[in-house]
Amino acid sequence: MHESKKNLAFIDGSRLITEALVRAGADTFVGYPITPANLLYLYASKRFPTMLAAPDEITTLQWMSGFAVAGHVPVTATSYPGYALMVESIGMAAMMELPMVIVLVQRLGPATGTATCGAQGDLNVVYGTMSGGYSIPTFSISNYHDCWELSAKAVHTAIELRTPVVLLTSKEMVMTLQSFDWSNLPEIQPKKVKHYKGEGTYLPYKADETLVPDFLPVSQNKHQVRITASTHDTKGILQNVLPEAIENTKRLEQKLRRNIDEYTTYELDEQQGSETLIITYDISSQASREAVVHLREKGKKVSLLVAKTLLPIPQIYVDIANRYTRVVVVEENLTGQLRHLLFGAAGRKGVSGVNGIAKMISPTEIVEEVMRYE
Amino acid sequence: MSNTRFLTDAQLPFCKGCGHALVAQNTEKALQKLNVNPLDVVLVTDIGCHGIVDKSFLTHTVHGLHGRSSALAAGITAGLNNPGKKVIVFTGDGGATIGMQHLIGGAHLGFDMTVVVHNNMLYGMTGGQPSEFTPCGFKTPTLPEGSTKPGYDICELMVAAGASYVERVIGIGDYSDSLAKAFTAPGFSLVEVMEICPSYGVKSNPGMKLSKLVEDAGWNVKVYADGKGNSFKTPINSEPKSLISDKFEVKPKYSSSIERPFSIMLSGSAGEGVQSAAEFMAKAAIVAGLNSTKKGSYPVTVGVGFSASEVIVSPKQILYTGSPVPDVLIITSTDGLGYARAAAGRMKGGVIYIDETLDAPETGARIVKVPFRERVGAKNSAMYAVFYAVHYEKFYPIEALKDVFLSNKIAEKVNIESLLQF
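Keeping their order, the protein sequence lines are chains C and S. Under the working numbering, think of the first position of the first sequence as 1, with each following residue one higher. Under the working numbering, think of the first position of the second sequence as 1, with each following residue one higher.
Treat the hints loosely; a few may be bogus.
Cross-link-like lysine-lysine pairs, in silico, DSSO-like; alpha carbons within 27 Å at most [to be verified]:
1. C:LYS235 x C:LYS222
2. S:LYS233 x S:LYS247
3. C:LYS359 x S:LYS348
4. S:LYS409 x C:LYS192
5. C:LYS197 x S:LYS55
6. C:LYS222 x S:LYS55
7. C:LYS46 x S:LYS241
8. S:LYS247 x C:LYS46
9. S:LYS316 x C:LYS359
10. C:LYS301 x S:LYS55
11. S:LYS233 x C:LYS222
12. C:LYS298 x S:LYS348
For the record, the hints were derived by calculation from the structure and aren't laboratory data.
Let's have the full structure, built from the sequences with the hints guiding it.
Below is the structure:
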């Protein structure tokens, strides 16, 4: 029986994500419909102050960038085929330092794959979005509370760091209906883009110690604004490989690394005496949490790390993993994408994966892998 | 006419004799004639030789990707939502080729912006390759035999797409009045400026005159649309309603005696109410004080083929929402049987409720045949099957399901008594 429930509802994750995005400060949704992101599109059409239907995903990212140049905080929701079309424009928006959130709802690939089947196959795609190995802050939703809190975190991070942010989720999270008590969801404070207040010449890419430059939209007519996707100096003028311009480009990654503590979030459930750590993210998190319950009921000591900030990979994940002789990485893809990001092609002794496609990984599979060496 | 400067004093960054410089100068002159503030102008440039001009302008400048400048500008003008601002796009014929969808879409929707196409009929920055604008017979370094196809007539295309103001000009001398008309037209305007690239076009086509080339190509130098179009207005919902209002609240009213989670799979045909029936079943579980989840499976074509749904009802919090082996399987159609056969095969116990017209699948579950379709028809068979299963499996009181059913408008069309035939 439910206990101390106040506002019990039967809802999908898309509803919480959309509401949280708006409350956090996003004001514009640009979308091209694609399964399984279509509920987000539907809710956005009712909830966002402005919603525009774009004719394709390249246009979507370009319109979003335009809205951001004009001072808005735009959002879209898509799946891999749409994300693939957006890649060049996401790089543009990152180079221009425009805040926006891309909700990437994973489905079974490769290519068009199966639109109505969930997956966790896109981490490597997001990891490799930017030419040069630059990062896009990426959050991964592990349950309904994350639908709320990480969606807000995604908007706030995009605004604070002036960058596109990816919110990674999957079909089963955004389309499955669940009973949920939303009475204990925290308040979300709206955040606004910080504007330049100075009187002197505005340098659109000159940053202070935070490495994040102040912003000015082209809607004002006090200061000239120059925005560009090409390698540029602090004035926003194309400069090829002059040292000032290259320093500015390096700053794009440095601002994410320097501020990573501000947006690193994860769940760590450590059991004293445990030598085994389960690492997981996204839709496999709930199966992993359930597996941990079963394992502990059996008397097996086990710890759990649910990674919520996925990119850039926080160092703390590696530090935590290094405390364990056995690490099992659970993810719904064929090759173990997070496992490879954490441990490389060489892997590490004691590291294994629970992987699968075209089905949700079950708690039983995770229990079996953990118990394999017993 | 004001004498406000829109260009810096620095030399424009173009080859000697390039018409791109004249576009920049005529743009300045047109804006001076309109007496606008430079910082009420947003210049969006594409990739190509023309695109490096942004550093010479004293307006706001935005420099993006190849072919995407018109889409980027559309976002800017929609974001500004202010006709007092001038959003101007500079693009080449290459950028217009790549971004044709954005031009058609921009004209179609009527975004408040002006696109100035610098049409020198080839890709100048990458060595003189032909574009889709290269006219028949025109030679380029990579096409020395000359193009065998006519180039796009962008002006005709824009008129067809619904642009407000469209004009083609020869890019020689003073054409600032044409640009000024485009800048003041409501909605989407486009001016195609005809040029010859001094580096590649002239060398590959010695002696060719621009006006003769345009005439031979069949392109008219004229106004195609005179600025009577409409402007796009960005939709603004000033009072959007919260998605998590009280009306979604489900109040527990009954109680259930189940002591463990049960997973129920409902498998039938699209269009026969499978997803609604499963949703009612799961929602009724909450009314009965349980936790529940419901996830659907169906092909992408929503109107045909199978439609299946997995429901979990549980007295405890549900973490994992998958259910590889159902405790109860309900099959209401041939499509549903096809989809559920694998799940049936995994069942070592439990029960399968199956329409009596269907052959029982191989399974370790107990089979119960029920004339679902015969009793209520195909359209209501899934809803009836859910009532039937809840009645016999006793996950929770049937009153909870009745309450959910009766609170939905489907109750106006389907007599609940027909669903209570046990």
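Review point. LYS235 (chain C) and LYS222 (chain C): Cα distance at most 27 Å?
Key: OK: LYS235 (chain C) and LYS222 (chain C) at ~16 Å, within 27 Å.
**Study point:** Restraint check for LYS197 (chain C) with LYS55 (chain S), where alpha carbons must lie at most 27 Å apart
**Key:** 24 Å, holds
**Study point:** Pair hint LYS46 (chain C) and LYS241 (chain S), alpha-carbon separation not exceeding 27 Å
**Key:** 7 Å, holds
Review point. If you draw a straight line from the CA of LYS233 (chain S) to the CA of LYS247 (chain S), is it 27 Å or shorter?
Key: 32 Å, violated
**Study point:** Hinted pair LYS409 (chain S) and LYS192 (chain C), Cα distance within 27 Å
**Key:** Status violated; Cα separation ~42 Å.
Check your understanding: Is the hinted pair LYS316 (chain S) and LYS359 (chain C) satisfied, with a Cα-Cα distance of at most 27 Å?
Key -> Holds, at roughly 24 Å.
Exercise for review: Would you check the hint for LYS298 (chain C) and LYS348 (chain S), treating anything up to 27 Å between C-alpha atoms as holding?
Suggested key: 23 Å, holds
**Study point:** Agreement of LYS247 (chain S) and LYS46 (chain C) with the hint, judged by alpha carbon distance not exceeding 27 Å
**Key:** Holds. LYS247 (chain S) to LYS46 (chain C) sits at ~16 Å (cutoff 27 Å).
Check your understanding: Taking 27 Å as the top limit, are the C-alpha atoms of LYS222 (chain C) and LYS55 (chain S) close enough?
Key -> OK: LYS222 (chain C) and LYS55 (chain S) at ~18 Å, within 27 Å.
Check your understanding: Within a Cα-Cα threshold of 27 Å, do LYS301 (chain C) and LYS55 (chain S) meet the stated pairing?
Key -> 63 Å, violated
Review point. When you check the alpha-carbon spacing of LYS233 (chain S) and LYS222 (chain C), does it fall within 27 Å?
Key: Measuring from Cα to Cα gives roughly 25 Å; hence the hint holds.
Practice item. Verify the proposed pairing of LYS359 (chain C) with LYS348 (chain S), using a straight-line Cα cut of 27 Å. Key: It holds: about 20 Å lies between the C-alpha atoms, which stays within 27 Å.
In the structure shown, a violation is registered for the earlier hints numbered 2, 4 and 10, in ascending order.
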